[in-house]
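Asker: Here is how the chains run, residue by residue.
Protein chains: 2
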Amino acid sequence: MRASFDRQLDSLRGRLVWMAASAASAIRWANLCLFSADLTVAGQVLDAADELTQARRSVEYRTFELLATQQPVASDLRLAWAGVQVVGDLDRMGVLAAHIAKTMVRRHPTPVVASPLVDVVRAMAAIAERLAWDLARLLELNDPRLSAAIVRADDEMDGLMRRLFQVVLTDWSFGVAAAIDAVQTGRFYERFADHTVSAARHVEFLITGQRPG
Amino acid sequence: MRASFDRQLDSLRGRLVWMAASAASAIRWANLCLFSADLTVAGQVLDAADELTQARRSVEYRTFELLATQQPVASDLRLAWAGVQVVGDLDRMGVLAAHIAKTMVRRHPTPVVASPLVDVVRAMAAIAERLAWDLARLLELNDPRLSAAIVRADDEMDGLMRRLFQVVLTDWSFGVAAAIDAVQTGRFYERFADHTVSAARHVEFLITGQRPG
Numbered sequence: 017m018r019a020s021f022d023r024q025l026d027s028l029r030g031r032l033v034w035m036a037a038s039a040a041s042a043i044r045w046a047n048l049c050l051f052s053a054d055l056t057v058a059g060q061v062l063d064a065a066d067e068l069t070q071a072r073r074s075v076e077y078r079t080f081e082l083l084a085t086q087q088p089v090a091s092d093l094r095l096a097w098a099g100v101q102v103v104g105d106l107d108r109m110g111v112l113a114a115h116i117a118k119t120m121v122r123r124h125p126t127p128v129v130a131s132p133l134v135d136v137v138r139a140m141a142a143i144a145e146r147l148a149w150d151l152a153r154l155l156e157l158n159d160p161r162l163s164a165a166i167v168r169a170d171d172e173m174d175g176l177m178r179r180l181f182q183v184v185l186t187d188w189s190f191g192v193a194a195a196i197d198a199v200q201t202g203r204f205y206e207r208f209a210d211h212t213v214s215a216a217r218h219v220e221f222l223i224t225g226q227r228p229g
Numbered sequence: 017m018r019a020s021f022d023r024q025l026d027s028l029r030g031r032l033v034w035m036a037a038s039a040a041s042a043i044r045w046a047n048l049c050l051f052s053a054d055l056t057v058a059g060q061v062l063d064a065a066d067e068l069t070q071a072r073r074s075v076e077y078r079t080f081e082l083l084a085t086q087q088p089v090a091s092d093l094r095l096a097w098a099g100v101q102v103v104g105d106l107d108r109m110g111v112l113a114a115h116i117a118k119t120m121v122r123r124h125p126t127p128v129v130a131s132p133l134v135d136v137v138r139a140m141a142a143i144a145e146r147l148a149w150d151l152a153r154l155l156e157l158n159d160p161r162l163s164a165a166i167v168r169a170d171d172e173m174d175g176l177m178r179r180l181f182q183v184v185l186t187d188w189s190f191g192v193a194a195a196i197d198a199v200q201t202g203r204f205y206e207r208f209a210d211h212t213v214s215a216a217r218h219v220e221f222l223i224t225g226q227r228p229g
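From first to last, the protein sequence lines stand for chains C and S.
Just so we're aligned: the first sequence equals residues 17 to 229 in the numbering used here.
Just so we're aligned: the second sequence equals residues 17 to 229 in the numbering used here.
Keep in mind that a hint or two might mislead.
Pairs involving identical chains hold if they fit within one copy or between any two copies, as the list cannot separate such chains.
[Stated by the list, open to error] Below are the SDA-like pairs computed for lysine to any residue, each with C-alpha atoms no more than 20 Å apart in a straight line:
#, residue 1, residue 2
1, Lys118, Asp66
2, Lys118, Ser214
3, Lys118, Gln60
4, Lys118, Phe51
5, Lys118, Arg178
6, Lys118, Thr56
Read the hints as simulated data drawn from the structure, not as lab findings.
Every value quoted in this text rests on a predicted model; they were computed, and no experiment measured them.
Start from the sequences and build out the full structure, keeping to the hints where you can.
Answerer: What follows is the structure in structure tokens.
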């Protein structure tokens, strides 16, 4: 019984790492298709997002069964608890990557990001990708320094969002539709980053047993 | 032991109803301040949102303790499980109401909603408020018809968001900042509605034991 229980917990942990890597691929492809206007890559993003949603449901289902049948305590309960919160965040990260890809498809072949914003949005895209990989490594290695790096990168993201607003609200000559696309795309990256922070806080709880403030 | 456990579950259920009513007040005040430009009411929204965040943390903490010490099964476990998901949604609803209030404060005394959008945004505001009250009643009465009404109202909300985009992208003469404000405010209402649907699905699981698809 205990051996099977341990296997289930190991499988939960493995599933979380796999989902985080999948969210990282989703945002990498979303970034690629945003700047390359490659419709094939957009399809890959949507597929990855769907897989993440299915994986979340499966983890939720199995964790509920685990709580109902095995009644874990201490660190096992923390893993089950944090796992459910983290898969919620990972699913939302996939959905946000899909929103970015869909914005590109809707505007195709017009680029979503107007020229004065390319540098800012590229920087946001790079941070989102780094955050997702850091989260995957955090889930694999349980190194709290990764969690601190995630919080710092989220601050950078907020700074870039303010910069994006400055550009759009000052001497903007690309029209209303392009302004709305830019702000929405920026918001998708910003919320993607927020979910990596939220997930990292749950992993901290998992590692230390200390509830984040 | 069992009597104290039952009291804890009753208190969890009561806390959920109270939080849903609080989210409903938050969005009612947010709507009021969006259209009346009353800065005092904006403060009430932010206070309500903070209280919801604290209440979520407290419910999460107590539910974790409950799982660790009482190891509930069957419908008790479902209540604990759904409760944690629902407080997450209720907290986010408070945050979104606060975003609406903050948008108003940032633009004050300029109105956030330009004249051609007043009807659409008023309709979105009314639906958000109704959804939040329906959710509070659903948590209190466990009536699955309320859950169906919530899903229908969310569809209406999506239709209004499309209408808002049409107005902003056709013959818009109020400038880029007003267009961005309008779209962001619409998105806040839309996401508020999405969270009521998500919460309603968790309540369905709580009532029926059937996992939503």
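Asker: Indicate, hint by hint, whether the structure satisfies it.
Answerer: Tested hints:
Within a single copy, Lys118 and Asp66 get their C-alpha atoms as close as 14 Å, which meets the 20 Å cut-off; across copies the closest is 34 Å, which misses it. For the identical chains of this complex, Lys118 and Ser214 are neighbours neither inside a copy (25 Å) nor across copies (22 Å), given an alpha-carbon limit of 20 Å. In the homo-oligomer, the alpha carbons of Lys118 and Gln60 lie at most 20 Å apart inside one protomer (11 Å), although the nearest pairing across protomers, at 37 Å, exceeds that limit. For the homomeric pair Lys118 and Phe51, the shortest alpha-carbon distance inside one copy (13 Å) is at most 20 Å, but the shortest distance between copies (32 Å) is not.
For a Cα distance limit of 20 Å, the shortest separation of Lys118 from Arg178 across copies, 16 Å, qualifies, whereas the shortest one inside one copy, 23 Å, does not. In this assembly of identical chains, the alpha carbons of Lys118 and Thr56 lie at most 20 Å apart only when taken from the same copy (12 Å versus 39 Å across copies).
Of the numbered hints stated above, the single one contradicted by the structure is hint 2.
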